[in-house]
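Place chain B on chain A using the hints.
Listed below, chain by chain, are the residues.
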Amino acid sequence: MTRAALLLPLALLVACQTPPVARDPSPATGPGYVHDDSANAFGFAVRNLRAEHRNAFFVGKSFFNENWIVAPASPVARDGLGPLFNARSCSSCHLHDGRSAPPPPSVPMTAMLLRLSVPGIGEHGGVRPEPTYGGQFQGNAIPAARAEGDALVFYDELPGRFADGTAYSLRRPRYVLTNLNYGPLAPGTLVSPRVAPIMAGVGLLEAVPEAALRALADPDDRDGDGIRGRLNVVWDARSGRLATGRFGWKAEQPTVFQQTATAFNEDIGITSTLLPAENFTPAQRIPAGLASGGSPEISDRILHDVVLYARLLAVPARRGADRPEVRRGEQLFTELACAKCHVPELTTGPVRDLPELSRQRIQPYTDLLLHDLGDELSDQRPSFAARGNDWRTPPLWGIGLTQKVNGHENFLHDGRARGLAEAILWHGGEAAPGRDRFRALPAADRAALLAFLNSL
Amino acid sequence: MNSLSNSRALLCLALALLPLRPAPAAPAPPTEATVLAHYAKLVHANAQDAHAAAQSMQRAIEAMLKSPSADTLAAARRAWLAARVPYLQLEATRFYDGPMDRLDPLMNAWPADENYIDYVKGDASAGVINQPAKFPRLTPELLLTLNEKEGKRNIATGWHPIEFLLWGQDFSATGPGNRPFTDFTPVAPNHARRAEYLRVATTLLVGHLGELVAHWAPDRADNYRAELLKAPPADALARVLRGLGAFSGPELAGERLTVAYETKEQEDEHSCFSDNTHNDFIYDALGLQNLFLGRYVRTDGTRLTGPSLHDLLQARNARLAARLTKEIEAGLAAARGIPAPFDQAILGADTKPGRQAIKRAIAAFWTQSRSIVEAAGALGITLKL
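The listed protein sequences derive, respectively, from chains A and B. Numbering follows my numbering, in which position 129 of the first sequence is assigned residue number 195; successive positions increment by one, without gaps. Numbering follows my numbering, in which position 266 of the second sequence is assigned residue number 328; successive positions increment by one, without gaps.
Pulled out of the complex, with its shape left as it was, chain B reads as follows:
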């Protein structure tokens, strides 16, 4: 069994064991401060998992570059997919100018224009990799400068360029891209530059995830976590809620689902080379649920629970807490209901099951986004989304 299905199995097992609602209230009622401290703890654990998984991916990529073969390439792809699982759950910590917002453009910008990086069908000399005269040395500094240079699609760093280098363009109706491993062997033009690009991009990503862990590390006086927990609790709470609300509505429902639904274009899907977009939605929605319910299942299966936004809300407005819990569960269910591959699900008539499922997910994410604003109100916070 590969590491991805392993972690998936553990996750499913853990989820199956989870009660629908958090356990009956602990003796001490949650306070804003305890909820925030637990939030920071979850995010830190999650970031550590993402960092560790990216390091595993880095080892797999190094092994592939050392001896390129169909097997080593497949292992590197599996490691990429596995590393996405913890990372995606962190996405619900975006949109409040926290550490993820500062690092996201370097780590997870999308959609990447393939021909900015490497050759594409019909243009063998495209991309940074195939322009040795223009870009003689592929350094971390170069890639960072090129990222989002002159256009939001000109993505040079992060998950998606790595994804493109592992999978290649996706021309298959039933599966992902299928870059031959020989692209990393001397038969392919610029194979050494391709390897170097992949190596540098991977090193950068691991480094950025390391920075993320440091931002959330406990027992440090000068990081984001310390600052968040020192801020007036209502302000800190407002950030956290803003992140959840902005992520589910404008981001998930809007940019990630609506655009692809409307344009029916493969290039509007999040992980278009690996055909992993359906998992992106699932783990994004799971991450949001984690932070609301105050729980996180680590890669090794350890389950973290503690005082949550849900608990805080329940003390103020139990009905709203119950409704939002249900809506967030419904969002996750709707995400699970989107058939893979996503680039096929968006096609066809609006009555097709794939498009219906996407439409349901769009509605579910907007609904929960509105309720998060309502929940903030119940907690005394005016959230302007």
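Pulled out of the complex, with its shape left as it was, chain A reads as follows:
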């Protein structure tokens, strides 16, 4: 790392002057933020973590990081992997509580996955899982079972130019499912890729009152700005009713709890009280009870701790927010209308079970709403109220630390973008005018916009 890069962020980490009062220069410094820009930046607890939640936080962290193993095994709390699975631990994909990347071409996926479905509307308005392989393709299995096969990604390069003539190239992914162990896929199977998003801040996002999101929504574009924004309406298995979707790339999950239980079930093959069935279909003829790690495999208490851990993960504070280039970039972020969907500031409501998250100004740069991002990004796979072209605005906080925490800069739901500029260039649909303006910016302004994003 260069000296300048190290000095500048750190200079803003702490405000230093003579006692007793210290000024806080960073725009977001509530207790939900930590002032750390190391490779651990996404893994800290909120600073107001209550003493009575401390143990659960660290136990949750441990279960988030560690591998699940094939049952039966001596550490009984951690057995029950599979029979089919994508990953052995949460941290397999969310390494250091961060973001995963696609594999190189022709290497089977391990830290990203493909969702599967067939056309039509399924239970509770959701997707119809592929009849044999289910709702997700699992490329791994315990020794006593057969994996579903290999999921591969290949890319086609699409050359383009900025208005000033500078060349760029975007890569468009193609997915190939091969070595299929349970026969052919149903005709017309819909495939949708997913990389793992960052964990930091999910509890704060969950704490934003639904009314605030509803107020941001504009499904009929009444204000005529070309930006719509809709809430997804999804199934909440715990309450047994429809609820607002907030999490996942298409906002298909209503709560961190359900997101976590679903990921345990579908990604790692771990059953829970919420989702007691293993993640294979009858057509796969896997013997019931094969390598079961108990029923459920993750106890309510451990699941609670992992969910608490996720919810209480703090967000890294901004670095270098006062630099002139960054301020210029921030101005462009507004001018290009990026901020219409990547809404800079929200306020959390009261959170009864975790008061640490209550009533805070946060700067997530999201509205948690679905927006049409155009045909190029479409997965052609509707899910609840989300259409193929719709994606939930992902939060941008922490995005500038992706390289440092996760060692890559692959962005968007499928990780196709190699860097933030490519991610912007892929925006279409409602964001097409903003993207076109980005393409027309002089190089210094493009750099300023990226500098702003990297300060988040």
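Just so you know, the hints here were simulated from the structure itself, not pulled from any lab data. All values derive from a computational prediction rather than experimental measurement. Be aware that one or more of the hints could be misleading.
[Unchecked claim] Capping the alpha-carbon separation at 30 Å, the derived lysine-lysine pairs in BS3-like fashion look like this:
#1 B:LYS388 <-> B:LYS103
#2 B:LYS183 <-> B:LYS128
#3 B:LYS326 <-> B:LYS196
#4 A:LYS470 <-> B:LYS103
#5 B:LYS183 <-> B:LYS211
#6 B:LYS103 <-> B:LYS183
#7 A:LYS470 <-> B:LYS196
#8 B:LYS211 <-> B:LYS196
#9 B:LYS211 <-> A:LYS470
#10 B:LYS326 <-> A:LYS470
#11 B:LYS196 <-> B:LYS183
#12 B:LYS388 <-> B:LYS421
Positioned in the frame of chain A, the structure of chain B alone reads:
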């Protein structure tokens, strides 16, 4: 007397000779700049010791690989334990994005999943070592690529894979793992690959410790030390304090002690193969105390002292300085009070002495972490932990 008990004896002797408080104030009052310069000097000396001890370990491992026997394996294990002593004292320099933070994932990531590296009970073909078709050549590049690949427990490099290769899995209630030396002889499948893995992992570790020394070397214009000392002193001080605070609270009290206390799982202990976890806590706490008091006892017994964070704090808030000194001493005492082996101490009812001792240590480390934030405040620094 082996080298470990030797260095321990020297350390104990040196500690016994240390006054509880630093000597009466030197004529010139400490400044932020002198305190930071001395901090850098201590860390450099400590890193040199860690590097030298790892080189001794490397020689012992080479000797064992050359002629594997119970004796040479025991000597390699002793060298590993001895090398941990200076290394652990450096851990209090983590958590401010300094050199240790960049190197720690390669050197000290834990807990390591054994079956990622080598065979385990019930699975003779597990691990990189036993998959020659998949990993034909065990190169430094391969191990670096595999480290933390697809999961935080998939540890391929650093102290703990070396520990696992020296000790093996620990199934004993009273002692550490007991890998037979024959694992490195032709009777064992893939013995040459096992030896090669150990050799490569050791070479990498020695190399990383060499990098650490270079980061802190004096009289260099382009290393971390130079950058730290050129930074505005308040910023540099904030880093150092942040490291101490984050290390004692979230790391020591949280990840290292609380998780094992709550889960009672052996795999949640830091040095689980060698049963050396109790020493990890002691030398971690000692390292933290070193940096606060501005002193370090080198492996050869040389004692370094100089202007310290304590002195700086004392000039601003003598009562807080005295309290924090006591709390840090209490943290060290609490660490010493944890009975060995740690994997047995965590078991049983909460009233058992082992669990009580761990609980006391958790409380002590959180207390000192909070006071470090307070101390930073007294020095005009807002520390957000």
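Against the structure, the hints:
no., hint, result
1, B:LYS388 <-> B:LYS103, "holds, 24 Å"
2, B:LYS183 <-> B:LYS128, "holds, 26 Å"
3, B:LYS326 <-> B:LYS196, "violated, 35 Å"
4, A:LYS470 <-> B:LYS103, "holds, 28 Å"
5, B:LYS183 <-> B:LYS211, "holds, 23 Å"
6, B:LYS103 <-> B:LYS183, "violated, 46 Å"
7, A:LYS470 <-> B:LYS196, "holds, 29 Å"
8, B:LYS211 <-> B:LYS196, "holds, 15 Å"
9, B:LYS211 <-> A:LYS470, "holds, 15 Å"
10, B:LYS326 <-> A:LYS470, "violated, 33 Å"
11, B:LYS196 <-> B:LYS183, "holds, 21 Å"
12, B:LYS388 <-> B:LYS421, "holds, 18 Å"
Hint compliance for this structure: hints 3, 6 and 10 are not met, and every other hint is.
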